[in-house]
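S.K.: In my numbering, each residue's number is its place in the sequence shown (first place is 1) plus 870.
The reader is advised that the hints may include incorrect statements.
Derived CB-CB ranges, DEER-like [to be verified]:
hint	residue 1	residue 2	range
1	Ala888	Glu913	17 to 25 Å
2	His903	Trp939	30 to 38 Å
3	Gly896	Lys919	12 to 20 Å
4	Ala895	Gly918	31 to 39 Å
5	Asp917	Asp891	27 to 35 Å
6	Asp892	Asp917	14 to 22 Å
7	Leu912	Thr938	17 to 25 Å
8	Thr889	Val933	15 to 23 Å
9	Leu899	Ala937	14 to 22 Å
10	Ala888	Trp939	16 to 24 Å
11	Thr938	Leu899	21 to 29 Å
12	Ala937	Ala908	15 to 23 Å
None of these hints come from the bench; they were simulated from the model. Backbone N, C-alpha and C define an ideal beta-carbon position, used for all residues, glycine too.
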Amino acid sequence: MLAALALALLAAAPAGGATLDDLVAGLNLVPLHGAAPAALALERLADGKTVALPALRGRPVIVYFWATW
């Protein structure tokens with residue numbers, strides 16, 4: 871089981887020289903350089919601590935909302 875998981879992770883790993891730009895090129899993302907982030911704060915699932923977008927200033931952030939409907 872662990873060997874199958876390791877193989878799956880290796881197969882899904884990006885090429886050695888891939889940059890963040892290479893990885894998200896097909897997602898049609900629009901960077902908001904210099905724009906103030908929305909006042910969004912979410913609770914982390916791992917430990918319940920709150921993470922707010924303004925606290926992540928200067929770091930790349932992808933906000934992905936997913937729903938089943």
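S.K.: All hints, please: hold or fail.
M.R.: Comparing the hints with the structure gives:
At roughly 31 Å, the beta carbons of Ala888 and Glu913 sit outside the given window of 17 to 25 Å. In this structure the hint that His903 and Trp939 lie 30 to 38 Å apart at CB holds, the actual value being about 33 Å. Between Gly896 and Lys919 the CB atoms are about 32 Å apart, so this pair departs from the stated range of 12 to 20 Å. For Ala895 and Gly918, the Cβ-Cβ distance of about 34 Å falls inside the hinted range of 31 to 39 Å, so the restraint holds.
Judged by the Cβ atoms, the range 27 to 35 Å given for Asp917 and Asp891 holds: they are separated by roughly 31 Å. About 31 Å separates the C-beta atoms of Asp892 and Asp917, a value inconsistent with the hinted range of 14 to 22 Å. Taking the beta carbon of each, Leu912 and Thr938 are about 18 Å apart, inside 17 to 25 Å as hinted. The beta-carbon spacing between Thr889 and Val933, approximately 20 Å, falls within the hinted interval of 15 to 23 Å.
Between Leu899 and Ala937, the C-beta spacing of about 19 Å keeps the proposed range 14 to 22 Å intact. For the pair Ala888 and Trp939, the supplied restraint of 16 to 24 Å is violated, since their beta-carbon distance comes to about 33 Å. Remark: the range hint 21 to 29 Å for Thr938 to Leu899 is upheld by a beta-carbon distance near 23 Å. Take Ala937 and Ala908: their Cβ atoms lie about 18 Å apart, and the range 15 to 23 Å holds.
Against the hints set out earlier in the document, violations occur for numbers 1, 3, 6, 10.
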